[in-house]
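Can you build the whole structure from these sequences, using the hints too?
Residue numbering for the sequence shown follows this note's numbering, beginning at 1 and increasing consecutively.
Just so you know, the hints here were simulated from the structure itself, not pulled from any lab data. Even for Gly, the Cβ is constructed at its ideal location relative to N, Cα and C. Nothing false has been slipped in among the hints.
Below, in silico cross-link-like pairs of lysine to any residue (SDA-like), each with a Cα-Cα straight-line distance of 25 Å or less:
#1 Lys281 - Arg271
#2 Lys167 - Arg202
#3 Lys167 - Gln152
#4 Lys153 - Ile316
#5 Lys33 - Asp7
Computed beta-carbon distance windows for the label pairs:
#6 Ala185 - Met1: 38 to 46 Å
#7 Arg324 - Asp7: 43 to 51 Å
#8 Glu37 - Ala309: 39 to 47 Å
#9 Lys48 - Arg324: 22 to 30 Å
#10 Lys220 - Asp69: 26 to 34 Å
#11 Leu132 - Ala185: 47 to 55 Å
#12 Met170 - Lys48: 22 to 30 Å
#13 Asp207 - Leu163: 20 to 28 Å
#14 Ser187 - Gly315: 23 to 31 Å
#15 Leu156 - Pro223: 18 to 26 Å
#16 Met170 - Arg284: 16 to 24 Å
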Amino acid sequence: MPVMSYDTWMRRTRRGLTKPRSSELRVVDAALKSFTERPDSQTLGALKLAVKNWTDSKDEPLRSIRNSDGAVADLLRQLGEEDKASAQHQTAKSSIQRMNRPAGLLGEIAGGAGKLAAGQLGADYSGMLLKLETDPNFDNVRYEGFAGEKLQKARLGYADAMLGAQKATMGMRAALMGVATGRGAGSPELERYTTWFGTASRAAMEDMLQKAETMLLAMKTRPVTFVLRETITNHYINGVDPLGPTVDDVVGPGVYGYVWNAGNHTGSGMRVVINQRFLTKPDRYEGPAATIYHELTHKVLGTTDKDSAGALVYGIPGCRALARTNPGDARQLADCWSYYAISFLKTI
Numbered sequence: 001m002p003v004m005s006y007d008t009w010m011r012r013t014r015r016g017l018t019k020p021r022s023s024e025l026r027v028v029d030a031a032l033k034s035f036t037e038r039p040d041s042q043t044l045g046a047l048k049l050a051v052k053n054w055t056d057s058k059d060e061p062l063r064s065i066r067n068s069d070g071a072v073a074d075l076l077r078q079l080g081e082e083d084k085a086s087a088q089h090q091t092a093k094s095s096i097q098r099m100n101r102p103a104g105l106l107g108e109i110a111g112g113a114g115k116l117a118a119g120q121l122g123a124d125y126s127g128m129l130l131k132l133e134t135d136p137n138f139d140n141v142r143y144e145g146f147a148g149e150k151l152q153k154a155r156l157g158y159a160d161a162m163l164g165a166q167k168a169t170m171g172m173r174a175a176l177m178g179v180a181t182g183r184g185a186g187s188p189e190l191e192r193y194t195t196w197f198g199t200a201s202r203a204a205m206e207d208m209l210q211k212a213e214t215m216l217l218a219m220k221t222r223p224v225t226f227v228l229r230e231t232i233t234n235h236y237i238n239g240v241d242p243l244g245p246t247v248d249d250v251v252g253p254g255v256y257g258y259v260w261n262a263g264n265h266t267g268s269g270m271r272v273v274i275n276q277r278f279l280t281k282p283d284r285y286e287g288p289a290a291t292i293y294h295e296l297t298h299k300v301l302g303t304t305d306k307d308s309a310g311a312l313v314y315g316i317p318g319c320r321a322l323a324r325t326n327p328g329d330a331r332q333l334a335d336c337w338s339y340y341a342i343s344f345l346k347t348i
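Below is the structure:
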């Protein structure tokens, strides 16, 4: 099925002129323009990724004002994404019943709600739960439940993660240029790429660069809220089921942070739940910065913590081994992305 042209898309989505186009929608605009000018598998892949990121940023994309005359539905149908978008809202609701939770999670949720109602929670929660702190350097970032040194550490972590994201994008662009020109063999940037993502084919690197740019744009523009949960890590204090973290079977005091599944957030916002180890890891880069970048790749890029065989892969040795043995899995692994970005900030 032919894909509508850039001009057609812009004409059909002009409704709501008083409402600026979101950053995610502008990425779709640019990707569709590139595909219209050069229709091939690479620009099509970039367009599908951009559309996915935009629909993920909407609770119900088919109810967007941009779909007033069916333009969004038509584009999704042309890209083969219509069923995913139309089911997205129901998926978010039904995930509560479908996901495998840690044993006793629902009981803990009820217990947490009861403690909150009875005023039995510690002061660090009852007094701070609804308090949102802003970030003076990033207008899109908020911190829930943070104060003092903990707030400073979280803010520094985001600044470091942002710097890593910027350097990762530039480094990946340099590595790709080296491969494209045939001059990249032995270059530090190509070596860095292969360390964390494996064999560097041009097509794979072009896709990875697109994702790195998407990640950087999201960190600059999409609303992000970091939620502090130091002692009760399995659920929100107010008794709301968080749908479980990305990896249900490793929730507990040893976890640095976790997020909801990429498709299960409302609007364009992202929530990252921060646990105690995030605050106690002495290394600022491998602790807060790496955790933040890792978790946001789950939200923005749909990365995983497992290889294709279903085994959890964390840490430097595991990531390097996966890059050597299965580059495809490495390109989808959150920790490989995280260590690649952090490697620009410190030697690892």
